[in-house]
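One letter stands for each residue in the lines below.
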Amino acid sequence: MKDVMAVIRLNKINQTKAALADAGISSFTATGRVLGRGKGMVDFRILKGAEAGSPEAIDQLGNGPRLVPKRLLTVVVPDDKVQLVVDTIIKVNQTGNAGDGKIFVLPVLESHRVRSGEFGDEVLD
Amino acid sequence: MIMIRAIVRPEKADAVLAGLMDAGYPAVTKISVYGRGKQRGLRVGDVHYDELPKELLLTVIQDTDKDFVIRTIIENARTGHVGAFGDGKIFVTPVLEAYTISSGVREE
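Sequence order for the protein chains is S and X.
Each residue of the first sequence is one higher than the last, beginning at 0 in numbering that gives the first Met the number 0.
Each residue of the second sequence is one higher than the last, beginning at 0 in numbering that gives the first Met the number 0.
In case anyone wonders, no lab produced these hints; they're calculated from the structure.
One or more hints might be untrue.
What the hints assert, rightly or not - Listed below are the simulated PhoX-like cross-link pairs for lysine-lysine, each with C-alpha atoms no more than 25 angstroms apart in a straight line:
1. K88/X x K1/S
2. K90/S x K101/S
3. K11/X x K65/X
4. K1/S x K16/S
5. K38/S x K37/X
6. K101/S x K16/S
7. K65/X x K38/S
8. K1/S x K65/X
9. K16/S x K90/S
10. K47/S x K90/S
11. K1/S x K90/S
12. K38/S x K80/S
13. K11/X x K88/X
14. K65/X x K101/S
15. K80/S x K47/S
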């Protein structure tokens, strides 16, 4: 069992949901809005202002941490479906620009179904 | 690769983020969460608060950087010299795979 965590753009959430459903992965958890930064650390408003030559924007360039809002998806799947989930998320979310997000795959030891108390891989179906 | 999940005081989150940036770890995700710890929340007079606001910071790093990053977070998240109850916790989880969506590349 693996936990696939994906940090993606806000506006891609609906397409990602649809694509995952089409791929047969119906269950996942989405966290409201998370804030994050990657290696790029780009704030586009400041960047635009700086390109237009505004001195205030130029002063703020590269000054302090800028956090960009993202959505965080958590999908717990059996081992053999990990690659399918990763490929689906990459296919839908890839625009080729910095800021598309990251995917992490973490191990999960057990999952339990609260309704019936059963546990194991069948809980995920 | 490992994932560091740090639960810190909201007012200390910016200091931790700045500390990580200076230490060369720019990539972080921040989530607002509510929780309680061993002290069962906070009691002020007759009022008992058992869900205190915290910030959850997620960062994925190489195994070799673990101790340095944990030390950086602790130094910045602590209140006062010796720390206080409610300063937070740090959890470390293994990460099996990581992908950058924009390039589709699997990170090593």
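Please verify whether K47/S and K90/S have alpha carbons no more than 25 angstroms apart.
violated (28 angstroms)
Are K38/S and K37/X close enough, with their CA atoms no more than 25 angstroms apart?
Violated, because 35 angstroms separates the two Cα atoms, which is more than 25 angstroms.
Is K88/X close enough to K1/S, meaning Cα to Cα at most 25 angstroms?
holds (24 angstroms)
Pair hint outcome, K65/X versus K38/S [Cα-Cα no greater than 25 angstroms]
holds (18 angstroms)
For the pair we were handed, K11/X and K65/X, check the Cα-Cα distance against 25 angstroms.
holds (20 angstroms)
Can the restraint linking K1/S and K65/X be considered satisfied, given a maximum Cα separation of 25 angstroms?
With Cα atoms ~22 angstroms apart, K1/S and K65/X stay inside 25 angstroms; holds.
Agreement of K1/S and K90/S with the hint, judged by alpha carbon distance not exceeding 25 angstroms
holds (20 angstroms)
Verify the proposed pairing of K1/S with K16/S, using a straight-line Cα cut of 25 angstroms.
holds (19 angstroms)
Does the alpha-carbon distance linking K80/S and K47/S stay inside the 25 angstroms limit?
Violated, at about 41 angstroms.
Would you check the hint for K16/S and K90/S, treating anything up to 25 angstroms between C-alpha atoms as holding?
Since the Cα atoms of K16/S and K90/S sit roughly 13 angstroms apart, the hinted pair holds (cutoff 25 angstroms).
Does K80/S sit within 25 angstroms of K38/S, going by the straight-line distance between their CA atoms?
Violated, because 29 angstroms separates the two Cα atoms, which is more than 25 angstroms.
K65/X paired with K101/S [C-alpha distance capped at 25 angstroms]:
Roughly 20 angstroms between the alpha carbons, so the hint for K65/X and K101/S holds.
Against the hints set out earlier in the document, violations occur for numbers 5, 10, 12 and 15.
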